[in-house]
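Going left to right, the sequence shown walks through residues -23 to -1, 1 to 899 as mature numbering (1 follows the signal peptide of the UniProt record, and there is no 0) numbers them.
Heads up, a few of these hints could be off.
Below, in silico cross-link-like pairs of lysine to any residue (SDA-like), each with a Cα-Cα straight-line distance of 20 Å or less [unchecked claim]: (1) K866 with R844; (2) K632 with N664; (3) K229 with R241; (4) K866 with R833; (5) K359 with K632; (6) K700 with G732; (7) K100 with V80; (8) K845 with P614; (9) K37 with G72; (10) K495 with N513; (11) K747 with E346; (12) K641 with P614; (13) K608 with K700; (14) K229 with V255; (15) K224 with R236; (16) K205 with D222; (17) K495 with P464; (18) K505 with Q482; (19) K315 with E346; (20) K100 with I73; (21) K866 with A837; (22) K814 with Q771; (23) K205 with Q482; (24) K323 with R16; (25) K339 with I374.
Because the hints were derived from the structure by calculation, they are not lab data.
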Amino acid sequence: MTLPLKRRTASIACSVALATLLAACGKSDNPDQLVSDARQYMAKGEEKAALIQLKNAAAKKPTDGEVRLLLGQLYNDMNDAVSAEKELRRARALGIAETRLRVELAEALMTQSQPQRVLDELKDTPAPTAAVWTLRGRAHLDLGQRDAARDAFDAALKAAPNDADALLGRARHALMTGDAADANALVAKALASRPTHIDALMFEAELLRAANKDSAAVAVYDKVLAQKPQHAMAHLMKAHIAIGDGKYDQAKAELDAVRKATPRSLALFYAQARLDYVQGRYRQALDAVQAVLSTAPKHMPSVLMAGAIQYALGATAQAEQHFRNYLEFQPDNLYARKMLAATQLKTGNPDEMKAVLAPALKAAPNDAELYLIAGNGAMQRKDYGQAAGYFGQARAIAPGAADTHTALGVAAMMQNRNDDAIAELSKAVAIDAKAERPAALLVNVYLRQKDYAKAMAAVRQLQQQKPGSALASNLEGAVNLGLRNLPAARASFEKALTLDPAYWQAAENLAQLDLNAKKPEAAKQQFKNFIARNKNNLPAQLALANLEMAQGHRVEATKALEQAQRDHPEALQPGVLLAGQYMYNGERERALKLARALQVSHPAEPDVIDLVGQIHFANGDYDAALESYSKLAAVRPNSAVAHYRVAQSYMAQGKGPSAAASLKRSLAIEPEYRDAQLAQATLDIGNGAYDAAIATARRMQAKPDGKVLGLALEGDVLRAQNKPAAAAKAYEQALGISDAATMLIKMVVALSVAGQEQEANTRLAAWLDKHPKEALDVRLYLGNSARASDLARQSLPHFEAALALAPRNVQALTGLAWAMQGVKDSRALGHAEQAYKLAPEDGVVLDTLGWILVERGDTARAVPLLRKAAEKMPQAMAVRYHLGAALAKAGDRDSARKELTPLAQAPNFSDAAAVRGLLQQL
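Please work from the sequences and hints to get the whole structure.
Written as structure tokens, this is what we have:
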């Protein structure tokens, strides 16, 4: 469907320079003379000059309804429907009769793609004319009400048998119902009645376009422009044809011509969106299409275009909603159905995708692309047999298409049918020797078989066909890696980058070579060099951030992610990763602020729902976390991660059976999902089912990617069985593989419990010497351990070191504030205030700041903070003591006794004696 065309015709005179127009338009200040001049300009087709005169007349006589009516008619002629509606409604308010403006107003609404409002405007029209019936027919047609549309057009033709507009309406109806022959006959009849009827000529061109006769269509558009050089839609249609032909400069010239005449035209915004989209300017395309949808939310081509743009931007939730909206209007549109299916594939919903494709597969059983999409859905469900079946049907329909053989090759690879994969991929390469994907996959199969000679032969064949292919050089490097010829591999990857400086995979491979050689700084430089050559390259920016994190450089990693998010504000991934990084840094308030911003821009995006849940979970709000994760599981029912997140929340709430049910669903989807395995083992440990937990640990250890986690889990089971020395040995084995801070801490705790304090301290000192920049978790552990023993002075250097590594870390700030207060350092309050600014809802932060304020005598501020801390941590006796002491100091003895009395006899409360002493004073 295209935007509605204008119905009026006018003869065109030669164009006049703007300066001349302005001079001509300044001859009279008399409103009547200005209107008379405007009518003359309109008769000659000089719309800009007419507009100037009418605007001047309206300024002189703002309450003249006739001027407003003329302005509305002129704006309709100029395709500025928004301004037309505005002026026509003013004319109505100023007393212009409905019979004179009703059709004009309906025309403006049609141009804005608001067919229901057209029907509402025209529903009570007495004795409808052919024009009214025709507009009703067009509105019904736009609403997909084909029978009602035909009845309206028939009524129009009954009133005026040769009415060109009514004939055109019937022609459109015929085209929409698939009767192209009748459509052509009807438009021919309309042109026989009025050979210069511009809308009839425009529809004739539309029919030619539908018949793939673009050159003939352009000739008809030129006929229109010969009559009316400023005809916006003719320029726009020529622009659309130029876009389809890849003639973007020509398309831009046509759009510039429209922009000069009608800069606010919705059709112009739509065409500009399409031009930006095909040139990869997705953000600009989105701005343009949203300009249409803000005024005409039911303009279905723009709805479809918005879906395609959002898909390209990675905003899959918005894309899916647009495609669904479009399919509600036009359920038979194959492109929209394919795009919705592709979006659901991207979001990991292959089951929903299967349902979406089902009617299309029935309606278009000979569409090979549909079977390829269906096969990809089966691949995502890991039903490789069904995938091969779909791909086989695609091959039967299009045996000469390389894509079908490539897809079958991939399915065979996933089933480890390497010979079948080689056969299909070889056919794909034979069909299209220059196609890079099947050639790359073929090389990968040979590499899998360690048949390096055939792999290199396939590379050489691709290099022959595409001498400048960066991918071919990259594949050559992969083969050389297999041959363990590292210098040759590096040379191949470097050649790939020389051929294409923007070829990310080659830079990534060079960095991996450096990492394998234990040269992380060289790898980092590879990423930085690539970013310098390819400004704001997102994959490289994220890789740099990941490497910084792998090295334990949290500050640098955070800066890298912040830069990526600034450079790509429309992309979801850097925002989600940055919010996660803030959480990891302990900067919960910043994480929450960013997550809320992402919720506004991507409200239905699963990754954002997940992120919000994680933040609630980290903040101890398990009910809110469960709500978010339940939404996530509903959106992604086949996601092992989503069901694991739900289980996490249940575990935090102490609801073991519910957690077990969610973990069962998670592991049914992905049996080797490590987080779910660990969570299930944790439940088993809590239930005393140690044998089951050990069995899980051993299964994990048997897999290369699960060995470290499996050893750590075995250590956890042994700790739970009160076997700390044996647990320490399991952790030590894991530490020998990963050398991670978390594993060190587990081992040190086990050694300490086993009475091997000296060994624990030796291990800590050695690890800290080796990893000074990666020691945040270890420093926080040491600081908090000293804090638990009320050793402020011993904790101080550890919290200071932690803060140096992560200047905005809430744990470090809070711990340092507590330690400094313990040694009477006046800087304590400043650190506590900074922590409170970063995490004003954190119970530990509230308690720390509140207690420092109590000790400084500021009970007015301390009491509300400590009340809030007690609400957040109702089981924390130390917080209750601090609140009671604050109330006592503030003179509220009754409230103080209420808080303190239950604590006086509490077992295992280190401050019980202090509480009793305070109660005696009260």
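key: Which numbered hints fail   = 5, 8, 10, 11, 13, 16, 22, 23 and 24
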